Amino acid sequence: MFAERLRRSLAEGTSVLVGTVDADGVPACCRGVALIPKDDDTVTVYLPVATAQETVANVATTRRLAVCISHPIDHTTTQLKGVTRGVRIAGEHERELVTRSLEKFADILDEIGLPRRITRSVTHWPAFAIDMSVEETFDQTPGPKAGNPIA
Amino acid sequence: MNPILLADLFRCFQGVVPSILATSDGRGVPNITYVSQVYFVDERHVALSCQFFNKTRRNLDANPNAAAEVYDPVSMQAYRLKLRFLRSEKQGSLFDAMDLRIQAIASMTGMAGVFKLLAADVFEVLKVERVDGFLTTPAEPLPDRFSLEGLRSELRGLQWVSERINSAEDLESLLDRVLEALDTYFNFSHAMVLLVDETTQRLVTIASRGYGESGVGAEVQIGEGPIGTVARERRVLRLTGLHEGLRYGRAVRRELVSHESAASVTPEIPLPGLPDAQSMLIIPLSMNKRLIGVLAVESREAMGFGEWHEAYLEVVGNQIALGIDRMVEREPAADAPDVPLPVAAPAPPPVVAAKNKRTLVYYRNDDCVFVDGDYLIRNVPGRILWKLLGEWQRDGRTEFTNRELRLDEALGLPAIKDNLESRLILLRKRLEEKCPDLRLVSTGRGRFALQVAAAVEMVEK
Chain B
30 MFAERLRRSL AEGTSVLVGT VDADGVPACC RGVALIPKDD DTVTVYLPVA TAQETVANVA
90 TTRRLAVCIS HPIDHTTTQL KGVTRGVRIA GEHERELVTR SLEKFADILD EIGLPRRITR
150 SVTHWPAFAI DMSVEETFDQ TPGPKAGNPI A
Chain U
3 MNPILLADLF RCFQGVVPSI LATSDGRGVP NITYVSQVYF VDERHVALSC QFFNKTRRNL
63 DANPNAAAEV YDPVSMQAYR LKLRFLRSEK QGSLFDAMDL RIQAIASMTG MAGVFKLLAA
123 DVFEVLKVER VDGFLTTPAE PLPDRFSLEG LRSELRGLQW VSERINSAED LESLLDRVLE
183 ALDTYFNFSH AMVLLVDETT QRLVTIASRG YGESGVGAEV QIGEGPIGTV ARERRVLRLT
243 GLHEGLRYGR AVRRELVSHE SAASVTPEIP LPGLPDAQSM LIIPLSMNKR LIGVLAVESR
303 EAMGFGEWHE AYLEVVGNQI ALGIDRMVER EPAADAPDVP LPVAAPAPPP VVAAKNKRTL
363 VYYRNDDCVF VDGDYLIRNV PGRILWKLLG EWQRDGRTEF TNRELRLDEA LGLPAIKDNL
423 ESRLILLRKR LEEKCPDLRL VSTGRGRFAL QVAAAVEMVE K
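Listed in order, the protein sequences are those of chains B and U. To convert, take the position in the first sequence, counting from 1, and add 29; that gives this note's numbering. To convert, take the position in the second sequence, counting from 1, and add 2; that gives this note's numbering.
No lab work stands behind these hints, which were simulated from the structure alone. Do not take every clue at face value.
Unchecked claim - From the structure, some residues in chain U lie toward chain B, with a derived Cβ separation under 7 Å: (1) Arg29; (2) Gly30; (3) Ser51; (4) Cys52; (5) Val254.
Since this is a predicted model, take the numbers as computed values, not measurements. Every residue gets a Cβ at the ideal spot worked out from N, C-alpha and C, and that includes glycine.
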């Protein structure tokens, strides 16, 4: 069951980052475009097909991934760690959700000085949808408590 | 396509858009995090700041491989770096440069001594690649690093500034001309010079441009905020992406307040300058290891200042420091004979018939003068004003000399390098802004007159 804190973190407009590692221990990073809870311990993270090839190749090999969700204004940040349940090309019915998430993100960044047109120019579709079984959640807000597990 | 050089990505390394960093532990569990700034070290190396011994740091000890994604804040184009962790530096020039930025942010957010750099983590850059397809519309090509025309213009600007410093007849005109030249040639439209007040160990704004009324007289404790930090450390500080840096700092502060370190956190201190500055360039002014003051320029642009501006302003700063020192050396010592008035010296200004009434209050306990309930000035310039007004009221005197001020022990001027001229400039400018009925008018070298155009009530408390 996700903690209340995590549910708040899953609100639209957050920044989504994905980290993976290949079989030789070489990490890769990629920016996600949306994240939604799927059931009590699974989330779906959306990554642009254009930029996520290495990430998808890594999860196909090692299955492990880390997802960081952060509020751009106050830097409240949560990290999820877990394993991949499946990777697919997101369906057309998910496009609105992904687009809305990017729009909300653009609105928030606009508030802190990054014009909407710049954020909107980031590729978001077509997207991979990775279902991730969440095994651990951590507080990652910058400061002395960063890295503490969230119950 | 030509390979991408790290130096081509200089805009990505300004801390305007946070970068991301992926690491992995020894068991192959990845970790992903934001980093507020990736620092360019040289063509094959970058550095990251280590402020807390966190998961990233532990992972690097187990597996030195890392991957970073950095963003051009102008186009938002992303670039990926494959990295290998080499070492942690806890001293040296790289550490000092990164530490100064963190100290400045920490001081601005009330976390001095709490939010600090533990180490500069240095990485070898194994590969740099542009993330094709990151943007729906390809970004413009990276900017040229050098522009001959720009260089010519900047050299002309330097020549212009230098000429103005050399031809200035007094400290006030020197500072005003330099700030004007910086604005005209380099669009440094928000600039200030603060000088050290040896008696209080504070920096006092003596000249400013682009701040309206509120600039001159603003004070900073040495060690406080970015300006005070530069004064204490005597090192140049270039802060870009300041909003992002402050947001990050405030996030840490919020966490500290809810943690056992709360007692170490102090309130944020309002500082002089633009409330919405996005970048700052601050240069210490010193002569023979003696700190004279600080030159600070600000911009509302996130990347208002580049490395070249830093190098350029250091040169300008050295010239200003020389100029100030020259002016101070030229001031007659207290035991020097009075300089005779020049033949063509203007007549002392008459006391203008008073129409207004001004009430000036001197608070002895904190050495402050208020005019009609508003703060006017304090410390030595406040005592000077009180002396001048007292003698005007008692004896009707309107003409004074710098020498007699130097000889008056009650004013508390230091015996050496008393900066009397800068104190008189400060007093003159504060009067212009806050009490234009009182004016100090130069009547020749080392001489001035008090011009009073109001009925003045003097109260001591």
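Classify the hint on U:Gly30 as holds or violated, based on whether any CB of chain B lies nearer than 7 Å to its CB.
U:Gly30 check passes; min Cβ-Cβ to chain B is 6 Å, inside 7 Å.
Chain B contact restraint on U:Val254 - CB to CB distance below 7 Å:
This hint holds: U:Val254 lies near chain B, its Cβ roughly 4 Å from the closest one there, short of 7 Å.
With 7 Å as the cut and Cβ atoms as the points, is U:Ser51 at the interface with chain B?
11 Å, violated
With chain B as the partner, please determine if U:Cys52 meets the hint condition of a C-beta pair closer than 7 Å.
12 Å, violated
Would the hint on U:Arg29 be counted as holding, given a Cβ-Cβ threshold of 7 Å to chain B?
Interface hint status for U:Arg29: violated (9 Å vs cutoff 7 Å).
Of the numbered hints stated above, those contradicted by the structure are hints 1, 3 and 4, listed in ascending order.
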